[in-house]
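*Asks:* Sequence:
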Amino acid sequence: MILFSSWLHWFMVLTFTSLVNVVPFSGDILNSNNNTYGFENAIAQAPDIVLIHDIQGASHTSKLVDKTVTDVPGVVTLVLDSGSGRGFYMQDPNPDDDDATSEGIFVFLGKSEIPNPEVGQSVAVTGRVTEFRPGNNANNLTTTQITANVEGGAVQIIDSLGTITPTVIGTGGRIPPNTAINDDFTASDRGNVETEGDFEPASEGIDFYESLESMLVQINNPLAVSPTNEFGEIWVLSDNGSNSTRRTVRGGSRISPKDFNPERIQIDDAPAISGKSPEVNVGATLGTITGIVDYNFNSYEILPFSITVNSQSSLTKEKTNLIPEGNNLTVATFNVENLDAKLEDINKVNKQQKSNVDDDLGNGKFAALADRIVTNLRSPDIIALEEIQDNTGAEIDDGVVDADRTYQELINAIASSGGPTYDYRQINPVEGQDGGQPGGNIRVGFLFNPNRVQFVDRAGGGSTTNTTVKKVNDQPELSASPGRINPTNPAFDDSRKSLVGEFIFQGQKLFAIANHWNSKGGDQPLYGPNQPPVLTAETQRRQQAQVINDFVDSILAVDPKANVVVLGDLNDFEFSEPLNILKGKPSGRGSAVLRSLIETLPANERYAYNFQGNAQVLDHILVSQNLFKKLKGYDVVHINSEFVEQDSDHDPSVAQFDLPVTSDQ
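Residues 1 to 665 in full-length UniProt numbering are what the sequence shown spells out, letter by letter.
Hints should not be assumed to be uniformly reliable.
With beta-carbon atoms standing in for the labels, derived distance ranges [to be verified]:
#	residue 1	residue 2	range
1	F185	N626	54 to 60 Å
2	G287	E599	38 to 44 Å
3	G364	S591	31 to 37 Å
4	T165	A138	35 to 41 Å
5	K111	N136	16 to 22 Å
6	N412	D189	54 to 60 Å
Listed below are the simulated DSSO-like cross-link pairs for lysine-lysine, each with C-alpha atoms no more than 30 Å apart in a straight line [to be verified]:
#	residue 1	residue 2
7	K585	K630
8	K585	K509
9	K629	K470
10	K471	K509
The hints are simulated quantities; they were obtained by calculation from the structure and are not laboratory data.
Glycine included, every Cβ here is placed at the ideal spot set by N, Cα and C.
My request is simple: use the sequences and hints to build the entire structure.
*Replies:* Next comes the structure, spelled out in structure tokens:
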């Protein structure tokens, strides 16, 4: 999967989070003389007393937006004490009897002359009620604030109102919904939660966290369901996951068509703590977490005052028992995540960003991938690789599209790790036409063990040449091998083109189609205003699925018993419509021409990727009905998605087939 949000994340972190120093809530109340800080021209006091829960209301946006509120009382729980995002969180220690209305709020000070209060102080705030949309991104929800850096805005230190007791999320407190993020709307009748729909915190995750917005909360016995990511974020379940209904066999939290696990919550690493979050794998248990509920980057999160590890995960990287030997052919797919053999010149990469520079050779990535292929995948006979970059990696506009060095370095590393000396086949893309990291020209390709399988080379394949199926001696034959499938079809615009090749094993012909469909990065987020999210990028994946399904049909039209395998990073779930179309069952109707091997596994083993604590399937192997009859085993080999130490962000998968010797082609 290719994500394009990393630059936005770091931009916002650098312009907001990292510019603030934070003083965490300590539980102490600081007594002070009554002092008022604000602008000279006071705002007229509202006739009615307004409390925080009146501002927040039982909704995603305040009914008092753009109204002036006067002397709103609260206890300071967290201070962001510098930078353009300067302000503080406060909470009313005397809540109402309605769980749907948050008792916390953020007070924005910005560049005003109002000084920061101290954590624990009681204050009365005068200002304008506003809704802040992070990054001004329409896919983000808003957070309700009191903006005090307006004319007449003020923060007055008052006598102590008391202390704030954290609200427990989980057993003994408020138990989060564990099925629906939102169930007010349907795909055929979408709605915007900020303007319509019911507000049901007890049953809808998006409303549950909104009802706790800016409040001090506590999570007991948090269990990690994601590894610590590059931004220091960890997704957890409360109470060791006891309130979660969909767990993986190895302790994660898996998705289903109607359940994307609203009970999981992100623990941020900033701004409430200094330094980095601890590095943990899925299954680690953390110490009690106390912090403030916030929203940013399309997700609710907790700004913790500290993160400690009670016990590290016991998970180890898996090794498959599917061995290529005798009649047992093994076929694998592996997304190797922007693999290239050059340390890029920062002056030649997109926007001269450090994030576009890597040293896959120098940092040992080639050696690590080789070890995984040999040790954990047991050196499969055929491997479909995704995200192979050209020889100059992410250097842009250099005219380089060849990837022979990238392939050869990987082949050499595999041999050095005790594996076979693989050969490879691929077709170069047209520069800049296949999406992915700018300059990288990622593509799919095949590694194969020539001591076990034979590749049928047939000239004629090219970057823009369409490969077709011919009938020769009553058998299907590719017009070119390797060849690209309909590469100029708009379905593959700015996306990887699928590659087909003919193989011979034990006298039996096998057609393999390697894929890397377009990213899910264009889809709307789970926690955004529009519900259910609009899956914008899925439209193209549906089109790609239809192209590949049509090609498979053309093979089977010549030989219904042909051995066909379709594999790769399809960037969608096993229950998605693109997968239905690929199988030949659009909308779940009809007779499948391809069988999805992930569906042969128990439900709690169906995952190969982890996104925001959700274990899911993006990488697939599907086979024709005849080849399915020869299936001996299928395995997703969990070596990456659950771990901080990753060679890629995807887990590979491997299938084994019994193909005895035959003279039939």
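*Asks:* Using the Cβ atoms, figure out if G287 sits within 38 to 44 Å of E599.
*Replies:* With a Cβ separation near 39 Å, G287 and E599 satisfy 38 to 44 Å, so the hint holds.
*Asks:* Using the C-beta atoms of N412 and D189, is the stated range 54 to 60 Å upheld?
*Replies:* 56 Å, holds
*Asks:* Hey, K471 versus K509, does the alpha-carbon distance stay inside 30 Å?
*Replies:* 14 Å, holds
*Asks:* Are K585 and K509 close enough, with their CA atoms no more than 30 Å apart?
*Replies:* This hinted pair holds, its Cα atoms lying about 26 Å apart.
*Asks:* Go ahead and decide if the range 54 to 60 Å is satisfied by the Cβ distance of F185 to N626.
*Replies:* Distance hint for F185, N626 is violated at roughly 43 Å.
*Asks:* Hint check: K629 vs K470, CA-CA at most 30 Å. Holds or violated?
*Replies:* 25 Å, holds
*Asks:* Please check whether T165 and A138 have a Cβ separation lying inside 35 to 41 Å.
*Replies:* 36 Å, holds
*Asks:* Is the hinted range of 31 to 37 Å satisfied by the C-beta distance from G364 to S591?
*Replies:* Given range 31 to 37 Å: violated, Cβ gap about 48 Å.
*Asks:* Holds or violated: K585 and K630, Cα atoms, limit 30 Å.
*Replies:* Holds - the C-alpha atoms of K630 and K585 are around 22 Å apart, at most 30 Å.
*Asks:* Between K111 and N136, does the C-beta distance stay in 16 to 22 Å?
*Replies:* 18 Å, holds
In this structure, the hints that do not hold are numbers 1, 3, in rising order.
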